[in-house]
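Q: In order, the protein sequences belong to chains A and B.
If you're matching positions, the first sequence starts at 49 in the working numbering and goes up one per residue.
If you're matching positions, the second sequence starts at 49 in the working numbering and goes up one per residue.
Among the hints, erroneous ones may be present.
Identical chains share a label here; the pair holds if one copy fits it or two copies do between them.
[Said to hold, decoys possible] Subject to a maximum C-alpha distance of 30 angstroms in a straight line, what follows is the list of computed DSSO-like cross-link-like pairs (lysine-lysine):
| # | residue 1 | residue 2 |
| --- | --- | --- |
| 1 | K224 | K291 |
| 2 | K228 | K297 |
| 3 | K266 | K228 |
| 4 | K132 | K228 |
| 5 | K270 | K224 |
| 6 | K115 | K291 |
| 7 | K204 | K224 |
Derived by calculation from the structure, the hints in this document are not laboratory data.
None of the values given here were measured: they were computed from a predicted structure.
Number of protein chains: 2
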Amino acid sequence: MIKEKKLSRRDLILDAGKVGIGAVGAAGLLNFIPKPAMAKEAQQLPWPYEKLDPEEVGKIAYDGWYKAFCSYGVATGLLTPLQKKIGEPYTLLPIEGLRLGEGGLVGWGTLCGSLLGATVAVGFIAPYDAGKQIMNEMLQWYSDTQLPIYKPANPKATVAVQTTSNSPLCHLSVGKWCQKAGKSLGSPERKDRCARLTADVAMKTAMLLNDWKDGKFKSTLKHPSAIYGITAQHNCNECHPNKIPDVIK
Amino acid sequence: MIKEKKLSRRDLILDAGKVGIGAVGAAGLLNFIPKPAMAKEAQQLPWPYEKLDPEEVGKIAYDGWYKAFCSYGVATGLLTPLQKKIGEPYTLLPIEGLRLGEGGLVGWGTLCGSLLGATVAVGFIAPYDAGKQIMNEMLQWYSDTQLPIYKPANPKATVAVQTTSNSPLCHLSVGKWCQKAGKSLGSPERKDRCARLTADVAMKTAMLLNDWKDGKFKSTLKHPSAIYGITAQHNCNECHPNKIPDVIK
């Protein structure tokens, strides 16, 4: 699957000769440790994609939250089934490396980590233009939807409250839910809320990717930067309650 | 470099036999396309790291912005030199897949894309605890520092103004700069400001990673979620000018 560079048997023997090792047998070549100059190249983007089962994706993502939180949860929900279905290049990606998006980036409450995990997965799966529009739709859906929706088979806590964040920011998404539910950040209910939301984001991303694979993904949604003259969310008045600063156009 | 699963010569012959291909010669095996069940596994984290030259990192990141913007810029600044120095597993990662962080996530102004690129790179390079603290320091530095600092050898526009964002959000970082400079989002000056900031973020990340590699990285900075009882930035009054909502603890 991966394109190989200077790794044919003939080239390996030639390269071995060049660096003074001399001709070696095929068995020796199979134990050859590639040096930078002959390292394999990455498989060109977009990576091959087969439609995912959203229910399977949701379950893996929910369980994934309890292993390494939101960013890892969505990434493992989307990528683990592709590692099993397709193998390389997905198996070459250590998914746990994507966990630092947790808590809106190590607890800073910026972009919801679930969306960071989705962004990286979509970036490898979809061509740039489609991926950009899929993520635009994802952030709008995340902002507008009463979450969480997902009902785990074996919930770890009771989550009775749904909220709409009006924003893709972790701080607003978690904060509004905690206020309405009357639960703290450290409560089992808040944790299960985020685990369920992680499943929701992974499942919605899988559904949009499946639509794209089927040629059914259509989006005319404008990117906020094209509307406001600045990169922005749509909930302007939440941070600018009195007057929105003039935008320089 | 990559751990192999069922890919020894002996195992390949055994596997080929199992699926009815029969014994084949070594030359044939070298052209073998792995199926999911025998796909290579990802190299375990953290990936090997060699200290980077911050100046080289900055130049690649600056030029990278003009190819695919901020998230890609930082990722390519950090990872391209490692592809050259170390080879696999870095060469197996198609860096352009990380470009969707642009404009705070496809123009939504959330987490500055440069920090998203840094997050993914650090997630592969540093062990989890160190990576988490490196990114905590990065977000604090990004918020507190007059940016941009980087001076390109061949600038594409004049950037005379520096600003402090007080936030890791693209919307605030770009917005405050545009207001002070009197330049629009679409201006050459704003674009070069973001290209320079991309270099700054990549260079600072490289310096922290180099310190960590030397055993010199120390950080006692608390994560905001441990201070406020909610995932948050430190600029509370900027969005809550009158009263910060009660935090449920």
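Q: Now tell me if each hint is right for this structure.
A: Each hint, compared with the structure:
With identical chains, the CA atoms of K224 and K291 are at most 30 angstroms apart both within one copy (23 angstroms) and between copies (16 angstroms). Proximity of K228 to K297 under the C-alpha cut-off of 30 angstroms is restricted to the inter-copy arrangement: shortest distance 14 angstroms between copies versus 38 angstroms within a copy. Taking identical chains as interchangeable, the C-alpha atoms of K266 and K228 are never at most 30 angstroms apart, the minima being 35 angstroms within one chain and 39 angstroms between chains. In this homomeric assembly, K132 and K228 never come within 30 angstroms of each other (Cα to Cα): the closest approach is 40 angstroms inside a single copy and 52 angstroms across copies.
In this assembly of identical chains, K270 and K224 lie within 30 angstroms of each other by CA distance both inside one copy and across copies; the values are 26 angstroms within and 23 angstroms between. Proximity of K115 and K291 under a CA criterion of 30 angstroms is satisfied in neither setting, with 43 angstroms inside one chain copy and 36 angstroms between copies. For a Cα distance limit of 30 angstroms, the shortest separation of K204 from K224 inside one copy, 21 angstroms, qualifies, whereas the shortest one across copies, 43 angstroms, does not.
Violated hints for the displayed structure, listed by number in ascending order: 3, 4 and 6.
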